[in-house]
Amino acid sequence: MMMPAVLRRTTFWIPAILLVSALRSSAQTAEPVSPAAFNAIRAAFDRAVSQTPLLPELELADDDLAQGAAPPQQTQPPTKPGPPSLGDLGFPTAQTQPNPQEQARLNKRSHMLKIHQRLGLITTGPLIATVLLGGFAGGRSTSSTTRDLHAGLGSATAGLYFTTAYFSIFAPRIPGTKTRGPIKLHKALAFIHGPGMILTPVLGAMALDQKDKGEKVHGIASAHGAVAVVTAAAYGLAILSVSVRF
Amino acid sequence: MNSRLIAVALAALALLPPARAADSTWVLQQSTITYHVSHPLHQSEGVSHAAKGKGVCHAGECDFLAAAPVKSFDSGDSNRDLHMLQATRGAENPMVVVRAHVPETALAASSIHADLEIQFAGQTVHYKDVPFQLSAQGNQIKLTGTIPTTLSDFKIEPPSLLTVPVKNEVPIRVDLTWQKQ
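First to last, the protein sequences are chains A and B. Using my numbering, the first residue of the first sequence is number 1, and each one after it goes up by one. Using my numbering, the first residue of the second sequence is number 247, and each one after it goes up by one.
If you're looking for bench data, these hints aren't it; they were derived computationally from the structure. It cannot be assumed that every hint is accurate.
As the list claims (entries may be wrong) - Computed far set for chain B versus chain A, every beta-carbon distance over 12 Å:
1) M341
2) S356
3) Y373
4) T390
5) K413
Said to hold, decoys possible - DSS-like mimics (lysine-lysine), calculated; alpha carbons at most 27 Å apart, straight line:
6) K108/A <-> K317/B
7) K426/B <-> K413/B
8) K413/B <-> K114/A
9) K317/B <-> K401/B
10) K178/A <-> K108/A
11) K298/B <-> K178/A
12) K374/B <-> K426/B
13) K114/A <-> K426/B
14) K184/A <-> K317/B
15) K317/B <-> K187/A
16) K187/A <-> K114/A
17) K317/B <-> K178/A
18) K298/B <-> K184/A
19) K108/A <-> K216/A
20) K298/B <-> K374/B
21) K374/B <-> K114/A
22) K108/A <-> K401/B
23) K108/A <-> K187/A
24) K298/B <-> K108/A
25) K401/B <-> K413/B
Said to hold, decoys possible - Coverage of chain A stretches by chain B, computed from C-beta distances (three or more under 8 Å per stretch; other residues unrestricted):
26) 85-99
27) 107-114
28) 126-134
29) 168-179
30) 214-221
Every residue, glycine too, gets a C-beta built ideally from N, C-alpha and C.
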């Protein structure tokens, strides 16, 4: 069967195939072929179909290619779309950038709150002992030794308590954080055991003074025991509020 | 004249749909990512709905990427969330990024075992053959599953409560709805 002369030219078929593959690739990827590549393929195609080729020396027969002749055009294959990157997702830059200052603040905060937690647990020991011993420190039959021990333990408890509170109060705040969850109750209870821990030793000192004078404990000093129990209860509840899910 | 006709025929051929599956793009429409922490005194979970994701399929292979800000996980306890942020170095490495490479044909199945690459807390960890369930609804695919992550994988020191550390296993449950574009 006779073929048109143009169909026997390699310079027709190669640009033709490249043109088709470029258009198909463009259709699949929804990305346009680069104008330079498209124009190069198109120019070669036009030359091939032209009856008066501009560069007759490039009109190679298929046999010429088989003998190892160089192809007339070098084009890039269609580019494969790359895997998606974080930048493709549209997160604000501020959200994806590292913030070493905030990390340092978080580290300091966590460090101070860990100390707060440990000291708080340690404080529980003398606090319980002070309350239990308080039951034997009042009344007419108690010895001054018991009262002194009770007062000593109470002082130690207060010292540990305020050191514990320091690490919570001065832990760095993280801007933009709204307090939610059990920590709200933990903080709220501090408004009970905090004043209680100030008031209890003051009332205790007043009671001791009255006792030393041989008086019956009277007035506001008589609330020492009740304030101490409420303070200890609020303190215990504060620990449980962040330890156990109710 | 013949050559002109051939050129027109080739142009028409170029407009025909390609023989193999066309490239496709997927976008993460909805997401629920939940981590689970176990402690002898209680269990806790942190949830994020802030993930974004994209998938690109080409030549029968798909690359998926999903990411969420570490800050976006909410456990209902601001103190725990801040401590989680600190323990996971979340201010220095603010994003958790998950990449998966799967064959396009797998998207039509009801389950899939995917190899995942997770960037989190400044570490990159690979998980092999993580099982997920898939359910297709129109142009959407819902993917659910649990990634068996551990704190030690990402070199995270286990946080402790009352001096007792949490368990090393912190599984992450994912529930993602992908929309084909």
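These are the hints, each one checked on the structure:
no.: 1; hint: M341; verdict: 6 Å, violated
no.: 2; hint: S356; verdict: 25 Å, holds
no.: 3; hint: Y373; verdict: 18 Å, holds
no.: 4; hint: T390; verdict: 21 Å, holds
no.: 5; hint: K413; verdict: 16 Å, holds
no.: 6; hint: K108/A <-> K317/B; verdict: 18 Å, holds
no.: 7; hint: K426/B <-> K413/B; verdict: 38 Å, violated
no.: 8; hint: K413/B <-> K114/A; verdict: 18 Å, holds
no.: 9; hint: K317/B <-> K401/B; verdict: 19 Å, holds
no.: 10; hint: K178/A <-> K108/A; verdict: 19 Å, holds
no.: 11; hint: K298/B <-> K178/A; verdict: 24 Å, holds
no.: 12; hint: K374/B <-> K426/B; verdict: 25 Å, holds
no.: 13; hint: K114/A <-> K426/B; verdict: 48 Å, violated
no.: 14; hint: K184/A <-> K317/B; verdict: 20 Å, holds
no.: 15; hint: K317/B <-> K187/A; verdict: 23 Å, holds
no.: 16; hint: K187/A <-> K114/A; verdict: 16 Å, holds
no.: 17; hint: K317/B <-> K178/A; verdict: 13 Å, holds
no.: 18; hint: K298/B <-> K184/A; verdict: 32 Å, violated
no.: 19; hint: K108/A <-> K216/A; verdict: 50 Å, violated
no.: 20; hint: K298/B <-> K374/B; verdict: 22 Å, holds
no.: 21; hint: K374/B <-> K114/A; verdict: 36 Å, violated
no.: 22; hint: K108/A <-> K401/B; verdict: 19 Å, holds
no.: 23; hint: K108/A <-> K187/A; verdict: 20 Å, holds
no.: 24; hint: K298/B <-> K108/A; verdict: 31 Å, violated
no.: 25; hint: K401/B <-> K413/B; verdict: 14 Å, holds
no.: 26; hint: 85-99; verdict: holds (count 11)
no.: 27; hint: 107-114; verdict: holds (count 4)
no.: 28; hint: 126-134; verdict: violated (count 0)
no.: 29; hint: 168-179; verdict: holds (count 4)
no.: 30; hint: 214-221; verdict: violated (count 0)
Hints 1, 7, 13, 18, 19, 21, 24, 28, 30, counting from the list given before, are not met by this structure.
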